[in-house]
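> Here is how the chains run, residue by residue.
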Amino acid sequence: MSKNINVALIGNPNTGKSSVFNHLTGLNQKTGNYPGITVEKRQGVCRLPRGVKARILDLPGTYSLNASSLDENVVVELLLNKKDKDFPDVAVVVSDVENLKRNLLLFTQIKDLNIPTILVINMSDRMRRKGISIDTHNMEQLLHTKVALVSARKNEGIDVVKQHIAAYKTLSTAPCVAIDQIDTEYFESLRNTFPNQSLYKLWLVITQDVNFAKVERKKMEAQDAGHIRTASFLKRLQQKETIKRYQFINGVLKECYVKDFQKATDLRGRLDRVLTHKVWGFVIFFVILLTIFQALYDWSSVPMDFIDATFAHFSDWAKTALPSWLAPNLIAEGIIPGLGGIVIFVPQIAMLFLFISILEETGYMSRVVFIMDRVMRRFGLSGKSVVPLISGTACAIPAIMATRNIENWKERLVTILVTPFTTCSARLPVYLILISLIIPDERILGASLQGLVLMIFYLLGFAMALLAALVLHKTMPQNQKSYFVVEMPNYRIPLLKNVVLTIIEKTKSFVLEAGKVIMAISILLWVLASNGPSETFKNAPEEIAKTVSVHDAHYEQHLNAYKLEHSYLGIIGKGIEPLIRPLGYDWKIGIAIVSSFAAREVFVGTLATIYNVGEAEEETIKKRMAAETYSDGRPVFTLASGLSLMVFYAFAMQCMSTLAIVRKETNSWRWPAIQLFVMTAIAYLGALATFQYFSI
Amino acid sequence: MSLTLADLAVGDVAVIESFEVEQLPMKLIEMGCLPGNEVGLLQLAPQSDPLYLNISGAHLAIRRETAACINVRKLNE
Chain A
1 MSKNINVALI GNPNTGKSSV FNHLTGLNQK TGNYPGITVE KRQGVCRLPR
51 GVKARILDLP GTYSLNASSL DENVVVELLL NKKDKDFPDV AVVVSDVENL
101 KRNLLLFTQI KDLNIPTILV INMSDRMRRK GISIDTHNME QLLHTKVALV
151 SARKNEGIDV VKQHIAAYKT LSTAPCVAID QIDTEYFESL RNTFPNQSLY
201 KLWLVITQDV NFAKVERKKM EAQDAGHIRT ASFLKRLQQK ETIKRYQFIN
251 GVLKECYVKD FQKATDLRGR LDRVLTHKVW GFVIFFVILL TIFQALYDWS
301 SVPMDFIDAT FAHFSDWAKT ALPSWLAPNL IAEGIIPGLG GIVIFVPQIA
351 MLFLFISILE ETGYMSRVVF IMDRVMRRFG LSGKSVVPLI SGTACAIPAI
401 MATRNIENWK ERLVTILVTP FTTCSARLPV YLILISLIIP DERILGASLQ
451 GLVLMIFYLL GFAMALLAAL VLHKTMPQNQ KSYFVVEMPN YRIPLLKNVV
501 LTIIEKTKSF VLEAGKVIMA ISILLWVLAS NGPSETFKNA PEEIAKTVSV
551 HDAHYEQHLN AYKLEHSYLG IIGKGIEPLI RPLGYDWKIG IAIVSSFAAR
601 EVFVGTLATI YNVGEAEEET IKKRMAAETY SDGRPVFTLA SGLSLMVFYA
651 FAMQCMSTLA IVRKETNSWR WPAIQLFVMT AIAYLGALAT FQYFSI
Chain B
1 MSLTLADLAV GDVAVIESFE VEQLPMKLIE MGCLPGNEVG LLQLAPQSDP
51 LYLNISGAHL AIRRETAACI NVRKLNE
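Residue numbers (this note's numbering), protein chains in the order written: chain A, 1 to 696; chain B, 1 to 77.
Some clues are possibly wrong.
Said to hold, decoys possible - With a cut-off of at most 30 Å between alpha-carbon atoms, the simulated DSS-like pairs for lysine-lysine come out as follows: (1) A:LYS101 / B:LYS74; (2) A:LYS169 / A:LYS101; (3) A:LYS130 / B:LYS74; (4) B:LYS74 / A:LYS278; (5) A:LYS240 / A:LYS82; (6) B:LYS74 / A:LYS254; (7) A:LYS169 / A:LYS201; (8) A:LYS30 / A:LYS162; (9) A:LYS244 / A:LYS82; (10) A:LYS244 / B:LYS74; (11) A:LYS259 / A:LYS101; (12) A:LYS154 / A:LYS41; (13) A:LYS41 / A:LYS162; (14) A:LYS154 / A:LYS259; (15) A:LYS244 / A:LYS259; (16) A:LYS130 / A:LYS278; (17) A:LYS240 / B:LYS74; (18) A:LYS235 / B:LYS74; (19) A:LYS516 / A:LYS41; (20) A:LYS622 / A:LYS508; (21) A:LYS259 / B:LYS74; (22) A:LYS83 / A:LYS41; (23) A:LYS30 / A:LYS53.
Unchecked claim - According to the in silico footprint, chain A covers these stretches of chain B (three or more CB under 8 Å from chain A): (24) 25-34; (25) 46-53; (26) 56-63.
Hints listed in this document are in silico derivations from the structure and should not be mistaken for laboratory results. Heads up, the beta-carbon is just placed ideally off N, CA and C, and yes, glycines get one too.
With the hints as constraints, model all of the structure from the sequences given.
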């Protein structure tokens, strides 16, 4: 008895489905994508009693099987396709104790697909506080299934879920609602046309707007066009179906669910009155943002300096200690500084994900959506755009994926287009290193001046995003009525386990993805910097000897500078110098900018590689940048050039992965191309203006 | 003239009477926005839009334009 069984975890958003998943699988989980689309696919393994292994699939949260988004469609598609290798032997519907009625709607739909379906009622720890009591035994009889009361927070009841899963074969697959009662005539004719099919499955296929199972549907359309009626006819039937389901659910709940309103404490109401208040709501939101950015700056400098110094030492060590067949120069000057340029992010990225996951887990994010909707609509956005814009401070890629729950296509497209303006964590190291170079480490009214400048750049990113949205809003035609439905979940204390797992998962994938690009670019840069065409590069020692004596203390330095200038990299840099000179950059920064078009985070690593090539002694990147001068002794990094560089990075579209995701989500190259050119043009002009203004 | 959800004041409780199915997103109907169900207006965002509702236990927010499509009967306080 060692058959693996497939389990699908399904549930409404905000029911703690992921917590249940985390408890069932622990660290035995992996995240990927569904083939062809960028919906996140979470899978894990759970060991059941008697040696049975269950493959648990955590499906995207959905309110019903009438999918209205790509994420929701994944659920429907899987449940209707018996041939799918992930097709569940048993479905586990996770609901929460307070919204049981609404959650049961999804349960009855899944049960009616003839899949063995277990009901998990999560958050049972809140029952007493909310004055709720449930007769689970009675409920099991009425729903013809097994019910498990679970508290993911207190890790209670998970074993019961495992037992029910293991005994899935004993579950009844009787449907809850007889679908043909909705419209006898319509379903009778449907039955006559497809005598051997489940009526409810047919009905779902017909009402599925999204491109589910194209082949099957085509076949059906050809056979009988009469069943595909007008959209409004179908919608009317869907409403009838919903009413039928609620009638069934109300009947069940009347028998086994009691809520004593006397005992219920109204924490939600009291918190909502403050957090969604017309004035205080905004004040609190702003204070939270301010705190996050201050913390990001204050808490990350120590680990960052430590990482910076460690890599410098490590590189130094590698140069002398490694055997020559390992190419110590490539490792010490290319790979190690390149790696340092990515590892240095880890503290801030982890911290950003920490804050964002706390905002999401507590339920606060929905309140922000609520208070911001009216304001955001002026810019052609939705209140729901706030979530992508804020999570864009971590990374634009998940942020753009988070736009999927915006119902209106125009609002969604505008959000996708402007999200890359928000200050993502890849810009952070660029800002941090430049700020520490050009802004004095002073405090104003108790706040760090450097932290304030950082915050100004975050605000600049948001402001630019809003401005761009406004322009797009005014120029694009309004295409459809905008639907906007936001669930306001109950307030919760975030689960440590969920937060930690999110941080580990997101940071890991970010570092691995970005790390690959950075490694490749670092090696490429090192090769380009260490080789050059023709004799000028090879004859460097002779050329230098003409002006500087071999015994001069600075001979080595002069030689290396000369070599770099005449390397392939130097030639490329010199080539673009006229273009970037008006912005206040030298050709070395030019190279860093060019390589940053692959990914912004390459910037620091690139400068590290360029500056370190041929250096006799390793120094920290920051010291090396501060010491960098033009041939006449003027420092390269001044207030004007530093700010100009930061403005350039604030606006430019320098991220291949973002362009790829925009292409996927908009299904066209047109929008990423527009982003690339328009944003970069804005960046160039903005940087030009900044440099010229501060140079006076 | 019939009363709609958009005419309620914060704290009001009403019963949903009727609406045009095409005017509402399916999701709202599935969340329990159905004729006969009780609805309470909990909060209004700035400029009274969106509306924060409690529809027979489901807490959700919708925009004023959607709320104006839902006819209600106010319950006496």
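> Compare the structure with each hint and give your call.
Hint by hint, here is what the structure shows:
Restraint check for LYS101 (chain A) and LYS74 (chain B): the C-alpha separation of about 24 Å stays at or below 30 Å, so the hint holds. Proposed proximity of LYS169 (chain A) and LYS101 (chain A) is supported: the alpha carbons are some 26 Å apart, at most 30 Å. Using a Cα cut-off of 30 Å, the hinted pair LYS130 (chain A) and LYS74 (chain B) holds, with the two alpha carbons roughly 27 Å apart. With a CA separation close to 25 Å, the supplied pair LYS74 (chain B) and LYS278 (chain A) stays within the 30 Å bound.
Between LYS240 (chain A) and LYS82 (chain A) the alpha-carbon distance is near 27 Å, which keeps this suggested pair within the 30 Å criterion. Between the alpha carbons of LYS74 (chain B) and LYS254 (chain A) the distance comes to roughly 25 Å, so the proposed pair stays at or under 30 Å and holds. For the hint pairing LYS169 (chain A) with LYS201 (chain A), the CA-to-CA distance comes to about 22 Å; that is within 30 Å, so the pair holds. For the proposed pair LYS30 (chain A) and LYS162 (chain A), the alpha carbon gap of about 20 Å is at most 30 Å, so the pair holds.
A hinted pair counts as satisfied when its Cα atoms are at most 30 Å apart, and LYS244 (chain A) with LYS82 (chain A) qualifies at roughly 27 Å. Of the supplied pair hints, the one linking LYS244 (chain A) and LYS74 (chain B) holds, its CA atoms being roughly 25 Å apart against a limit of 30 Å. A threshold of 30 Å between alpha carbons decides the hint, and for LYS259 (chain A) with LYS101 (chain A) the separation of about 12 Å falls inside it, so the pair holds. For the proposed pair LYS154 (chain A) and LYS41 (chain A), the alpha carbon gap of about 26 Å is at most 30 Å, so the pair holds.
Restraint check: the Cα-Cα separation between LYS41 (chain A) and LYS162 (chain A) comes to about 21 Å, which is no more than 30 Å; the hinted pair holds. Proximity of LYS154 (chain A) to LYS259 (chain A) is assessed by CA-CA distance (about 22 Å); at most 30 Å being required, the pair is judged to hold. For the given pair, LYS244 (chain A) sits about 23 Å from LYS259 (chain A) by alpha-carbon distance, which is consistent with the 30 Å threshold. Among the hinted pairs, LYS130 (chain A) with LYS278 (chain A) is consistent with the structure: their alpha-carbon atoms are about 28 Å apart, no more than 30 Å.
For the hint linking LYS240 (chain A) to LYS74 (chain B), the alpha-carbon distance of about 24 Å falls within 30 Å, and the restraint holds. Restraint check for LYS235 (chain A) and LYS74 (chain B): the C-alpha separation of about 27 Å stays at or below 30 Å, so the hint holds. The suggested pairing of LYS516 (chain A) with LYS41 (chain A) holds, with an alpha-carbon distance near 22 Å, which does not exceed 30 Å. Simply put, LYS622 (chain A) and LYS508 (chain A) have alpha-carbon atoms about 26 Å apart, close enough for the 30 Å limit, and the pair holds.
Taking the CA atoms of LYS259 (chain A) and LYS74 (chain B), the gap is near 24 Å; set against the 30 Å cutoff, the hint holds. Among the hinted pairs, LYS83 (chain A) with LYS41 (chain A) is consistent with the structure: their alpha-carbon atoms are about 18 Å apart, no more than 30 Å. For the suggested pair LYS30 (chain A) and LYS53 (chain A), the alpha carbons sit about 16 Å apart, so the restraint of at most 30 Å is met. Here's how the segment 25-34 of chain B fares: 9 of its residues keep a CB closer than 8 Å to some CB of chain A, so the rule of at least three is met and the hint holds.
Check result for the segment 46-53 of chain B against chain A: holds, 5 residues qualifying (beta carbon to beta carbon below 8 Å, three or more required). Check on the segment 56-63 of chain B: 8 of its residues sit with their Cβ under 8 Å from a Cβ of chain A, so the three-residue criterion for coverage holds.
Of the numbered hints given earlier, the model fails none.
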